[in-house]
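Visitor: Using the sequences and the hints, build the whole thing.
So you can see what is in the structure, the chains are spelled out below.
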Amino acid sequence: MFAFIVRRVFQAILVMVVIAFIGFSVQHSIGDPVRDMVGERVSLAEREALREQLGLNDPVLAQFGRFCWKALHGDLGTSYFHKRPALDVIVSKAPATLELVFGATVIILSFCFPVGIYTAIQPRAWFSRFVMAVSTIGVAVPVFLTAIVLIYVFGVELQWLPTYGRGVTVNVGGWDTGLLTADGLLHLILPSVSLASIMLPLYIRLIRSEMMEVLETEYIKFAWAKGLSRWRVWLLHAFKNTLLPVITVFGVEIGILFAFTLLTETVFQWQGMGFMFLEAVERSDTALLVAYLVVVGVMFVVINTIVDICYGLINPMVRIAGNP
Amino acid sequence: MTHLLEVENLEVKFALRFGDLTAIDDISFYLDKKEKLGIVGESGAGKSVTGFAIINLLSKPGYIAGGRIRFEGREINRLSAEALRQIRGNRISMIFQDPMMTLNPVLTIGTQMVETVQAHRRIGKAEARELALEKLRKVYIPSPEKRLDQYPHEMSGGMRQRIVIAIALLTDPALIIADEPTTALDVTIQAGIMELLTELCETEAMGLILITHDLAVVSQVTERIAVMYAGRIIETGYTTDIVTHPRHPYTIGLINSLPGTRQAGSRLEQIPGMMPNLTAIPEGCAFHPRCFLAADQCRRHRPELTAVSGGRHWAACHRLDQTLGHNHLHR
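So the protein sequences, as listed, match chains A and B.
According to this note's numbering, the first sequence is numbered sequentially starting from 1.
According to this note's numbering, the second sequence is numbered sequentially starting from 1001.
Since the hints were derived computationally from the structure, they do not count as laboratory data.
Take the hints with a grain of salt, since some may be wrong.
[To be verified] Cross-link-like lysine-lysine pairs, in silico, DSSO-like; alpha carbons within 30 Å at most: (1) B:1060 - A:221; (2) B:1034 - B:1138; (3) B:1013 - B:1033; (4) B:1033 - A:221; (5) B:1146 - A:221; (6) A:221 - B:1125.
[Claimed, not checked] Covered by chain A, per the in silico footprint, the following chain B stretches (three or more residues, Cβ under 8 Å): (7) 1084 to 1096; (8) 1101 to 1107; (9) 1113 to 1120.
[Claimed, not checked] To give an idea of the chain B side of the interface with chain A (calculated C-beta under 10 Å), a few residues: (10) 1052; (11) 1055; (12) 1057; (13) 1059; (14) 1151; (15) 1153; (16) 1157; (17) 1167; (18) 1170; (19) 1177.
For each residue, glycine too, the CB sits at the ideal point set by N, CA and C.
Guide: Below is the structure:
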């Protein structure tokens, strides 16, 4: 198991280097930092001196090494617009996005398992048929449409829930959280629901189809033949085997959730990283864009590594494979 | 005398969109305590379905459409789901065909054994583990303590089938239904598993229903045989009688197709054609299109099982007068 984890972590580092290189290339090839820094009237000679001073004439690899070295020390450049280190800007926006993703994940996890399992073991029940029909629609409707419909129904017509911003937040150890105030939680509901709406139907269908497949296997038939109770057969024998493929997909899909925060945050004016990213694009704030790319890349890699390690814990065959 | 298991006029159907399909058509057989019965037939003859019907574990859309299954004096096809669960894996154990698929890949052998005991007995985990160890020793698993904490994929097919047998033994059942227990195994291991199974049936005083397509195995192991064809029993009786004097043309064909019955180097006999699909069972005797004795009445009327030698041997054939002594000789 230890060897497995070490190997996974090594792979993660490799992926990070690639991401860093892409980030570096973006910065390197979009725009000219010297032109951004100095005005029109600075002479060519002065520009060249500045280039030399900034190390822009060094070999690409040396520059990339410097980029990585700085990144490792938390320096991802300075945002042109915010006039602050890009990482600081992102860190100040991260809690909002993380809480949004967290809210959506809580919704997804608390519904996909019970509903997925139920629809697998009772495929003919009217509830299962209903869920299947609704989930087909859910998969097809884009998140911004869901968000706008939710805003219209619950915000405009019923006026039950707030539709923009994070509401009252409190600062806990440098982290602005909306999870601790009633107002913050109310503000979280609609954005989380619309973010969850893209993944939830997918997960329900995935769990259902995986579980139905597992229920047809010989070992499940053998479990019945051993006279086990139905709950043991369903929730231990079948479900544990269902989890394996589902976990793999989870890892990938959590990353996609982050991607969809771009849309959700824009519709709900949610002051998170996604909102910040779109602003940065409009302002051509390359340093901030690159920093965002690297930070999101790190999050992707970390989450996927954790998911893989969880997978190893559940699947004994992976564990053995990791043992040389 | 009451039998351990008595199946009377069992009928199994599959509910399909275009109507019900009869998989088992009115079969009856019995099994006494400690007796070994072989159910033989080609794939699709309904032998596995018969096995699963006994403990009512038919895969959907199969269902028992008629008949009675009496086990230890109780009509078990009328029991509630819970009462039947208490019999499954407890009084009647099953052994499946492919040991690579039978054990749950993500649970340890120990878990899969302990849970079986605890499903039927009110005992603690430590005690259940002791029992599991005892049974693993009975099936000659080396270092059983270690095996309990291992996963199925860490063992070979033969070893897994031994473990499946150990699981079947856990609750000291009165009957074991073994569905092709050696078919998926290496030939060198098959004999060992079969020997173990028969030995255990003797020492543990268990009845055995051996479901297989392998007439050779059945003839070595069982006391009685039921030959199935297209969902019906077409010949049944004591193994010695059937192997030496088969009376149904199908059984004759099966025996003639065994390598051991022919001279080395000569061509093996084969039964022409294929078993009919359940959707298109021929009228009259289902075997008539492949039968070398088929006559007019075989195409029109279905033959019933009739006694051929003093109530020990039955065959369902119109041409029984022609089949005597046909073994090894026909054509």
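Visitor: Give a verdict on every hint.
Guide: Verification of the hints:
Pair hint residue 1060 (chain B) plus residue 221 (chain A) holds up; C-alpha atoms about 12 Å apart against a cutoff of 30 Å. Note on residue 1034 (chain B) and residue 1138 (chain B): the hinted pairing holds, with a Cα-Cα distance of about 18 Å set against a maximum of 30 Å. Between residue 1013 (chain B) and residue 1033 (chain B), the direct Cα distance comes to roughly 29 Å. Compliance with the 30 Å bound is thereby established for this hinted pair. At most 30 Å may separate the alpha-carbon atoms for a hinted pair to count; residue 1033 (chain B) and residue 221 (chain A) meet this at roughly 26 Å.
Between residue 1146 (chain B) and residue 221 (chain A) the alpha-carbon distance is near 26 Å, which keeps this suggested pair within the 30 Å criterion. Restraint check for residue 221 (chain A) and residue 1125 (chain B): satisfied, since their Cα atoms lie roughly 24 Å apart, inside the 30 Å limit. Remark: the region 1084 to 1096 of chain B is confirmed as covered by chain A, as 9 of its residues place a Cβ nearer than 8 Å to a Cβ of that chain, reaching the required three. Against chain A, the region 1101 to 1107 of chain B contributes 7 residues with a C-beta closer than 8 Å to a partner C-beta. That satisfies the three-residue criterion, and the hint holds.
For the region 1113 to 1120 of chain B, the stated coverage by chain A holds: 4 residues have a C-beta nearer than 8 Å to a C-beta of that chain, and at least 3 were required. Interface restraint check for residue 1052 (chain B): the shortest CB-CB distance to chain A comes to about 8 Å, inside 10 Å, so the restraint holds. Hint status for residue 1055 (chain B) relative to chain A: holds, with the closest Cβ pair at about 7 Å, below 10 Å. Hint on residue 1057 (chain B) holds. Least Cβ distance to chain A is approximately 6 Å, under the 10 Å limit.
Taken as an interface hint, residue 1059 (chain B) checks out: its beta carbon lies about 8 Å from the nearest beta carbon of chain A, inside 10 Å. A hinted interface residue such as residue 1151 (chain B) counts as satisfied when its beta carbon comes closer than 10 Å to some beta carbon of chain A; here the least separation is about 4 Å, so the hint holds. Interface restraint check for residue 1153 (chain B): the shortest CB-CB distance to chain A comes to about 5 Å, inside 10 Å, so the restraint holds. Annotation: interface hint on residue 1157 (chain B) violated; nearest CB of chain A at approximately 13 Å, more than 10 Å.
Because the smallest distance between the Cβ of residue 1167 (chain B) and any Cβ of chain A comes to about 7 Å, under 10 Å, the interface hint for this residue holds. The interface hint given for residue 1170 (chain B) is met, as the beta carbon of that residue sits about 9 Å from the closest beta carbon of chain A, less than 10 Å. At its closest, the beta carbon of residue 1177 (chain B) sits 9 Å from a beta carbon of chain A; the interface hint therefore holds under the 10 Å criterion.
Of the numbered hints stated above, the single one contradicted by the structure is hint 16.
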